Structures are given as structure tokens and as C-alpha cells.
Amino acid sequence: MAYLKKSPWLLHYDASSCNGCDIEVLACLTPLYDVERFGIINTGNPKHADVFVITGGINELNRKVVKNIYEQIPDPKVVVAVGICACSGGVFRECYNMAGGVDQVIPVDVYVPGCAARPESIIDGIVKALGILEEKREEMKEKEKQHGN
Amino acid sequence: MSKKIVVPFGPQHPVLPEPLHLDLVVEDEKVKEAIPGVGYIHRGLETLVQKREYPEYVYIAERICGICSFIHGMTYCQGVETMMNVEVPERAEFLRVIWSEYSRMHSHLLWLGLFADSMGFENLFMDAWRLREHVLDDMEATTGGRVIQGSAKVGGVRRDISSEKLDEMVTGLEGIRGELKDMMDVFLLDSSVKSRLRNIGMLSPEDAYELGAVGPTLRGSSVASDVRMNGYAAYDRLHFEPVVEDGCDCYARCAVRAKELFSSIDLIKEAAQKIPDGPIEVKVTGKPEGEYFSRAEQPRGEVIHYVKGNGTKKLARHRVRTPTMANIPPLVKMLEGCEFADVPVITLTIDPCIGCLER
Ligand code: SF4
Numbered sequence: 001m002a003y004l005k006k007s008p009w010l011l012h013y014d015a016s017s018c019n020g021c022d023i024e025v026l027a028c029l030t031p032l033y034d035v036e037r038f039g040i041i042n043t044g045n046p047k048h049a050d051v052f053v054i055t056g057g058i059n060e061l062n063r064k065v066v067k068n069i070y071e072q073i074p075d076p077k078v079v080v081a082v083g084i085c086a087c088s089g090g091v092f093r094e095c096y097n098m099a100g101g102v103d104q105v106i107p108v109d110v111y112v113p114g115c116a117a118r119p120e121s122i123i124d125g126i127v128k129a130l131g132i133l134e135e136k137r138e139e140m141k142e143k144e145k146q147h148g149n
Numbered sequence: 001m002s003k004k005i006v007v008p009f010g011p012q013h014p015v016l017p018e019p020l021h022l023d024l025v026v027e028d029e030k031v032k033e034a035i036p037g038v039g040y041i042h043r044g045l046e047t048l049v050q051k052r053e054y055p056e057y058v059y060i061a062e063r064i065c066g067i068c069s070f071i072h073g074m075t076y077c078q079g080v081e082t083m084m085n086v087e088v089p090e091r092a093e094f095l096r097v098i099w100s101e102y103s104r105m106h107s108h109l110l111w112l113g114l115f116a117d118s119m120g121f122e123n124l125f126m127d128a129w130r131l132r133e134h135v136l137d138d139m140e141a142t143t144g145g146r147v148i149q150g151s152a153k154v155g156g157v158r159r160d161i162s163s164e165k166l167d168e169m170v171t172g173l174e175g176i177r178g179e180l181k182d183m184m185d186v187f188l189l190d191s192s193v194k195s196r197l198r199n200i201g202m203l204s205p206e207d208a209y210e211l212g213a214v215g216p217t218l219r220g221s222s223v224a225s226d227v228r229m230n231g232y233a234a235y236d237r238l239h240f241e242p243v244v245e246d247g248c249d250c251y252a253r254c255a256v257r258a259k260e261l262f263s264s265i266d267l268i269k270e271a272a273q274k275i276p277d278g279p280i281e282v283k284v285t286g287k288p289e290g291e292y293f294s295r296a297e298q299p300r301g302e303v304i305h306y307v308k309g310n311g312t313k314k315l316a317r318h319r320v321r322t323p324t325m326a327n328i329p330p331l332v333k334m335l336e337g338c339e340f341a342d343v344p345v346i347t348l349t350i351d352p353c354i355g356c357l358e359r
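These protein sequence lines are chains A and B, in that order.
Just so we're aligned, residue 1 is where the first sequence starts under the numbering used here, counting upward by one.
Just so we're aligned, residue 1 is where the second sequence starts under the numbering used here, counting upward by one.
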């Protein structure tokens with residue numbers, strides 16, 4: 001990833017986390033870590049987003065919300081699961097209302113472990129996701145070309 | 001003729017980092033009624049108490065919420081300790097106060113930032129979070145965790161703070177006091193902020209009391225009630241005055257939180273001076289039996305941890321009543337009759353912490 005072709009915007013949704021990871025995601029956007037300097041902006045609108053950041057394992061009520069948001073994000077898109085809860089359910093795995101990790105409901109591209117995941121590792125995860133995003137975009141272009149011919 | 005319509009707010013909404021759903025019944029840009037819908041973060045962790053042993057369960061209690069994590073852990077420990085008649089060493093009690101007040105500062109700064117963001121005041125948001133990093137640095141240096149500290153323990157605390165570090169922390173806090181003052185001037189004196197907050201989201205003292213509001217929501221409606229006055233941990237050995245405002249509006253609730261930042265700095269300073277030497281934990285053995293209601297003051301208000309033991313290593317019941325739960329009925333009251341555009345600001349003034357609310 002030599003340079004970014006586009007400012008990647010991210011959408012953050014809390015699918016039953018304890019808040020710890022959410023505030024660390026927000027901390028990434030604020031002066032000390034400041035990912036905005038890379039053109040990354042936190043958006044509230046799924047139609048504007050490229051990167052879907054999810055914290056927390058998914059609970060029953062959230063299944064359809066997460067699916068709904070995921071489907072609204074235009075292709076290409078990448079999903080980053082932040083925190084051990086989002087990766088596998090974490091300490092709440094045995095709770096009766098948890099589906100487990102985010103990958104139980106939608107495909108996940110990058111897993112960021114940690115409880116709470118540190119801003120440094122979240123940024124790492126997002127940078128990795130941007131590489132995948134770029135690959136997906138190339139793939140899409142290829143496909144379009146083939147269909148065009 | 002105007003027509004009533006229902007506008008859904010959330011669960012995914014830009015001003016809320018967490019999912020809270022409100023059905024707003026709107027007529028002519030005025031909110032007639034707000035119907036809260038919760039359950040988006042419910043994990044059911046209270047049931048884990050039957051699967052984990054009581055000393056180990058502290059780390060689940062700490063993960064009820066990542067913002068007020070330390071106080072949750074401490075309140076749970078307090079409950080178990082009282083149930084088992086454990087005397088906590090004095091030094092541990094002072095350390096608990098210090099970390100509690102640090103949590104309060106980080107939570108209030110976080111809230112002030114989000115609140116500024118909800119008004120569209122981006123610069124102030126960034127400023128508040130920049131100062132918050134200083135508080136988090138101290139937390140990390142003393143406990144090892146930025147947001148989840150993991151330093152409470154049944155029978156005391158896990159880590160000690162050396163007296164040099166304490167001095168350093170106090171000097172650091174005195175250093176940011178000036179910066180905080182500058183920032184508070186913007187929050188409390190700026191005319192555009194005032195025009196967004198004054199006389200908005202009114203909650204009369206009677207309503208606040210009757211609907212069971214807690215924390216800054218209650219104190220912003222001129223009711224002086226704070227669990228810290230009961231003197232749990234080491235609060236009875238420190239000078240503490242609750243911060244009370246009588247505006248009953250969004251501005252008053254904002255002012256309470258802003259002023260509590262300074263009272264937290266004072267408390268930490270005093271605790272650092274008075275902290276006695278000695279052990280930081282006692283060994284706890286045995287199986288708890290009985291029950292206890294343990295209370296503490298979270299940044300958002302009073303939290304209650306109910307613990308019940310049945311003579312085995314695993315507790316029979318753990319129940320939490322969190323401040324946000326108590327503040328939902330007052331929120332519904334505040335939203336009645338407000339302008340539609342003020343909904344995000346008013347919702348944020350109770351500082352909703354959905355992680356706590358639903359567990
Ligand atoms: S990984 Fe830890 S900090 Fe993050 S949401 Fe889960 S319990 Fe909270």
C-alpha cells in the first residue's frame with residue numbers, strides 16, 4: 001500500500017461490548033493518535049463507509065442490526081473486529097445472550113485482539129484492513145472488465 | 001393540521017458510541033413522547049456468577065462497563081468483603097479512592113468531549129480527549145491498563161503506588177488544572193454553548209427525586225445526594241462536599257460534571273497526603289454466606305451491587321442496579337416537549353452508559 005487512493009471512512013458499531021473497546025476506537029480519532037491525518041473519518045452513515053469497525057460479540061437483538069448495516073455499506077468493504085469479545089466472545093462467551101464472535105454473523109477481514117484493544121493495535125488493524133480494501137477494489141475492477149468484454 | 005409521526009433514533013447513531021434506541025413521537029418538530037428501547041448490549045453476565053468462583057468473578061464485574069470499570073470491581077469486592085467480614089487494610093482503601101477518582105475524571109472528560117461533539121463543537125471535543133489522555137497515562141502507569149484496570153481484588157487491591165509516583169501524579173494533576181480551567185471557561189461561559197444548553201431538558205427537583213434520578217442528573221436539579229457522603233472506602237477520612245447546581249437544565253448537569261473534575265483533583269491530592277503505610281491486601285479464605293447491598297458513587301451516579309452467597313465458592317446471585325438504569329425515567333421526562341433537534345444533547349446529559357445499563 002504505497003498510498004491511499006481514497007480517504008477511507010469508517011463506521012463504528014457497538015454490538016454488545018462493555019464500552020472499553022468503543023472508547024479506544026474513539027481515542028484513535030482524537031489528538032494523541034489522530035488517524036484523521038490519514039484521511040480516516042468516523043461516519044454515521046453506512047452508505048458513506050468503507051471500513052466497518054465492530055466491537056463486542058453479537059447478541060441476539062443485534063444480529064439483524066449488524067447484518068442490516070453490513071448490507072448497506074457499498075462494495076468493496078472490509079470488516080474489522082476490535083477486541084477479544086468481537087473476535088471470539090471473550091469472557092462473555094458462556095453468557096446466554098451472546099452469539100460469540102462477529103464472524104458468526106458477517107464475514108470478518110481483520111481481527112484485533114486485546115481487552116481492551118489498545119489504540120495502537122486498532123490502528124494497526126485498520127491499516128491492514130485498508131490493504132485488503134485496496135485488493136478487493138482491484139478484484140472488483142478486474143471482474144467488471146471481464147463482464148464488460 | 002399537524003400529524004404525529006414516530007421517528008426512530010438509534011440504535012446506530014453518530015452521537016452515540018453505543019446503541020440506544022428511542023422511538024420519538026414527533027408533532028411539529030416537538031417531541032411528544034419518547035419510548036426507550038433497550039437490549040442491544042445485553043450479554044447476561046450476571047449469570048456467570050454461578051460459573052466462576054467469587055474471587056475470580058471480579059474481572060467479570062470490571063467488564064460490566066469499560067468506563068467505570070474500576071468502581072464496578074471495587075463495589076463488588078466491597079459487597080463480598082462485608083458479607084465475609086473482611087477488614088480491608090487502610091492503604092488499600094485510600095488506593096481505591098485514588099483510582100475511583102481517576103476513573104471519574106476520565107469518564108467526565110470523555111463525556112464532556114462527546115457532549116461537545118453532540119453540539120457540533122469539534123474543537124472542544126478534541127481538547128477534552130487530549131486532556132483525558134493525561135489521566136489515562138497515570139492510570140496505565142499505576143495499574144497497567146488504560147481503560148480496564150483490573151486492580152481491585154477481594155481483600156484489597158492488586159498493586160501499590162509508590163510515594164514518589166504519588167507525588168508525581170499530584171504534580172501532574174496540578175499541571176492540568178490550569179488547562180482544565182481554560183476548557184471549562186468555554187463550556188460554562190461561551191455564549192453559543194449556553195444557548196444550546198440553558199433552559200433545555202428541564203427536570204424539576206421534585207421530578208428528579210420522584211423518578212429516582214441519581215448522580216449529576218440529580219445534583220443538577222439541586223438535590224444534594226452523593227454516595228461518597230456515606231464514607232465508603234476512605235471517603236470518611238477525606239473532606240468531601242457534593243457539587244450541586246440549581247439550574248435543572250442541560251447546562252446545570254454539564255456544570256456539575258465540570259466542577260466535579262476539580263473536586264476529584266482535590267480528593268486525589270488529599271488522599272495522596274494522608275495515605276498510610278502498610279499492607280495493601282489481606283488473604284481471604286472461606287466461603288461466603290449471606291447477602292449484602294454494596295453501594296458506590298459512579299461518575300454517573302449511584303451503583304448498587306447486590307451479592308448473595310450460599311456457602312459455596314460460587315455466589316448464588318449477583319445483581320447490579322446501574323446509574324443509567326435509574327436515569328432513564330428522568331430522561332424520558334426531559335425529552336417530553338423538547339425540540340426535535342435537541343434530542344441528542346438532552347440524551348447525552350444523563351451520560352447514558354448502555355454497557356452498564358444492560359450488562
Ligand atoms: S474486549 Fe474487553 S474491553 Fe473490549 S468490549 Fe470486550 S470486555 Fe470490553
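Each hint should be verified, as a subset may be incorrect.
Said to hold, decoys possible - Simulated crosslink set (SDA-like; lysine to any residue; CA at most 25 Å straight-line):
no. : chain 1 : residue 1 : chain 2 : residue 2
1   : A       : K67       : B       : E56
2   : A       : K67       : B       : K4
3   : B       : K313      : A       : K67
4   : B       : K32       : B       : V244
5   : B       : K4        : B       : P329
Said to hold, decoys possible - Residues from chain B that keep clear of chain A, each with C-beta distances beyond 12 Å, as calculated:
no. : residue
6   : I60
7   : F240
8   : K269
9   : E291
Hints in this document: simulated from the structure, not taken from any laboratory.
A quick note: this is a predicted structure, and the numbers were derived from the prediction, not measured.
We put the beta carbon where it would ideally sit given N, CA and C, even for glycine.
**Item:** Pairwise hint evaluation, B:P329 against B:K4, where the allowed Cα distance is 25 Å at most
**Value:** This hinted pair holds, its Cα atoms lying about 22 Å apart.
**Request:** With a cut-off of 25 Å on the C-alpha distance, tell me whether A:K67 and B:K4 pass.
**Result:** 30 Å, violated
**Asked** Does the claim that B:I60 lies off the interface hold, with its Cβ farther than 12 Å from every Cβ of chain A?
**Response** Violated: least Cβ distance 6 Å, not greater than 12 Å.
**Item:** Verdict on B:E291 as a residue remote from chain A, using beta-carbon distances over 12 Å
**Value:** 23 Å, holds
**Request:** Beyond 12 Å from every chain A Cβ: check whether that's true for B:K269.
**Result:** Label holds. Min Cβ-Cβ 25 Å, cutoff 12 Å.
**Restraint status (C-alpha distance of B:K313 to A:K67 at most 25 Å)** = 41 Å, violated
**Asked** Is the hinted pair A:K67 and B:E56 satisfied, with a Cα-Cα distance of at most 25 Å?
**Response** 35 Å, violated
**Prompt:** Is the Cβ of B:F240 farther than 12 Å from every Cβ of chain A?
**Reply:** Given a closest Cβ separation of 27 Å, the condition holds.
**Asked** Between B:K32 and B:V244, is the straight-line Cα distance small enough, at 25 Å or below?
**Response** 29 Å, violated
Hint compliance for this structure: hints 1, 2, 3, 4 and 6 are not met, and every other hint is.
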